[in-house]
Every structure is written in C-alpha cells, then in structure tokens.
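Student: Sequence:
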Amino acid sequence: MVNITDQNWQLEQHNNLLAGDPVASSIIADRIYPKIIKHLQFKYSKVNQDLIVSAATDAMINYLKRPEQYNPQRASLESYLKMSADGDLKNILAGEKKRASKEILSDPMLINANYDKDVVELHEGSAELLTEKAFIGQFASSSPETELVEKEQEALLAQIFNNDIDQRLGSLVINGVRETTHYADVLGINSLPIPEQRLLVKRHKDRIKKFLERSGLKK
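Add 2 to a position in the sequence shown, counting from 1, and you land on the number used in our numbering.
Think of the hints as simulated: they come from the structure by calculation, not from any bench.
Incorrect hints may have been included.
The calculated DMTMM-like cross-link candidates involving lysine to aspartate or glutamate, where the alpha carbons are at most 20 Å apart (straight line), are [stated by the list, open to error]:
{"hint": "1", "residue 1": "92", "residue 2": "80"}
{"hint": "2", "residue 1": "40", "residue 2": "23"}
{"hint": "3", "residue 1": "92", "residue 2": "52"}
{"hint": "4", "residue 1": "45", "residue 2": "90"}
{"hint": "5", "residue 1": "40", "residue 2": "198"}
{"hint": "6", "residue 1": "204", "residue 2": "98"}
{"hint": "7", "residue 1": "212", "residue 2": "168"}
{"hint": "8", "residue 1": "212", "residue 2": "60"}
{"hint": "9", "residue 1": "207", "residue 2": "166"}
{"hint": "10", "residue 1": "207", "residue 2": "23"}
{"hint": "11", "residue 1": "37", "residue 2": "90"}
{"hint": "12", "residue 1": "67", "residue 2": "90"}
{"hint": "13", "residue 1": "211", "residue 2": "154"}
{"hint": "14", "residue 1": "99", "residue 2": "80"}
{"hint": "15", "residue 1": "211", "residue 2": "187"}
{"hint": "16", "residue 1": "211", "residue 2": "181"}
{"hint": "17", "residue 1": "40", "residue 2": "52"}
{"hint": "18", "residue 1": "212", "residue 2": "98"}
{"hint": "19", "residue 1": "67", "residue 2": "32"}
{"hint": "20", "residue 1": "40", "residue 2": "14"}
{"hint": "21", "residue 1": "207", "residue 2": "80"}
{"hint": "22", "residue 1": "45", "residue 2": "88"}
{"hint": "23", "residue 1": "37", "residue 2": "52"}
{"hint": "24", "residue 1": "207", "residue 2": "156"}
{"hint": "25", "residue 1": "40", "residue 2": "70"}
{"hint": "26", "residue 1": "211", "residue 2": "166"}
{"hint": "27", "residue 1": "48", "residue 2": "80"}
{"hint": "28", "residue 1": "37", "residue 2": "60"}
{"hint": "29", "residue 1": "204", "residue 2": "181"}
{"hint": "30", "residue 1": "153", "residue 2": "181"}
{"hint": "31", "residue 1": "204", "residue 2": "8"}
{"hint": "32", "residue 1": "204", "residue 2": "60"}
Produce the complete structure using the sequences and hints provided.
Tutor: Structure representation (structure tokens):
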C-alpha cells in the first residue's frame, strides 16, 4: 500500500512532468520503476526476468510519453503504473506463448517422431511440454532469429543503418539479445542508473526494430 506521503510526492512529480520539468521523468523512474519490477517479480515469480523488465519498461515509457492519461483521482501513480505493467506483461506472455508454440510446432527436430497419440500426458520431448518450458523461460534455443551468416548480416545492416552504433544495435536485436547491459555498452550509457539505462535501451530497441521490420529482417 502507498502511504499518504508517497502519494503526495507522486502527485507533485506527476504535476511537474505535466508542466514540462526536464528532470521529472528521471526522478519518477528512479523512485517508482524498481517498485514495479519487484511487484511483477513477486506476482509472476516463474516468468522470465527479461519479460518482466520489458513490461515494466513499457508501462513506464507509455506513461512518460503521455502523462495526461493518468487520473490521480482514481489511484496513486505507483498503483496505476503497477496495474499498467500487469496488463503489459499479460500481453507479452500471450504473445510469447503463441510465438513459442508456432516455432516449436514448425520445427520437426523439436517434435518426438515416436510420439504416441494415445498417450495424453505430457512427456519429455513433446511439443506441448517444450512449449510450456519455452513459455516460462526454462527452455532456451541457441539458434539466432535469422539464418543470415555473419558477413551477410553485416552487409545488410550497413545498407540499412548509416552509423556503426545502429548497426551493432541491429545485430543484437536480430540475434535475440535481450540483456540491457549489452545494449548499454554499445550506447555508452552503462554509467547511468539502471532504470535510466533500461528506458533508453527500450527506446533505441523499438526504433531499431521498426527499421528492421521495414527491411524484412525482423517480423
């Protein structure tokens, strides 16, 4: 539960953000973002950490972009962002489960050729079990998201992006790298507080993904 002192502080910072205070977004993120992460970790203890971070980051960025959508009369800012992150994570999990199911069921190497159709329980090697493991982050595939060899990939990225940083970010995205630290190293922002790193990395990843999608390198 958020106490009255925190609520007053949150409302003050929200009003500062609406008024255009240039540091309000950083102040809010530093204070509330870690609480959103902890909330999701406690509520969804079996979910992959990267998905939790992604949902918390989405909720925070969406609010910072459009703070006017938040109504202080309905809930504290912290409660609002936690609920928003809950919704974002549920959407991400639904998408991940659907994607994992499609990838596994389309790969004959992951399906037991000797599967007995009369056996209804899940067994090691079954498509259903592998899908469930992928969903909760216990099954990891080492295959990159594309079949492009490294040199071809570099050549294509050079055609899409006109600077080395974006090319390196594009390579990370294509190869399915999720850890914030790798992107922060490329961007040179690893000296910033972790919440700010995650927000900046998220913005750059979204921008890079749009270019890649337009070029047909990422769907």
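Student: When the hints from earlier in the document are held up against this structure, which numbers fail?
Tutor: 2, 10, 14, 20, 21, 25, 27, 30, 31
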